[in-house]
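S.K.: Sequence:
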Amino acid sequence: MSAHTWFNANLVRLHKAVLCANCEVISEALNGHCAACGSEALLGLSRVLGGNLQSDDPQLHSSAQMPSMPTRSEYFSAAA
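Under this note's numbering, the first residue of the sequence shown carries the number 705, and numbering increases by one thereafter.
Treat the hints loosely; a few may be bogus.
[Stated by the list, open to error] Distance windows between CB atoms, simulated:
#1 Arg751 <-> Cys727: 13 to 23 Å
#2 Gly742 <-> Asn714: 10 to 20 Å
#3 Val752 <-> Leu715: 29 to 39 Å
#4 Asn714 <-> Ser743: 15 to 25 Å
Calculated directly from the structure, the hints in this document are not laboratory data.
Note that beta-carbon positions come from the ideal geometry of N, C-alpha and C, so glycine has one too.
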């Protein structure tokens, strides 16, 4: 690919990338809020994708800022 292909790309470092559960946009965490809608419902993508967990921003790894991922047992109901 040429350099021109990447000229207008929006690049985000993995350790700063978050997925907003509210608007489903990937962006950099800005003070624990989504850059698109301002929601605090963020999932740090480095945790999901196995990136480096040693981040410069401690807010990205705070359990108060990020909802926990459901375990497999939480997907199944007792009636099923």
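S.K.: Give me the numbers of the hints this structure contradicts, sorted from smallest to largest.
M.R.: Number 3 - this is the single hint that the structure violates.
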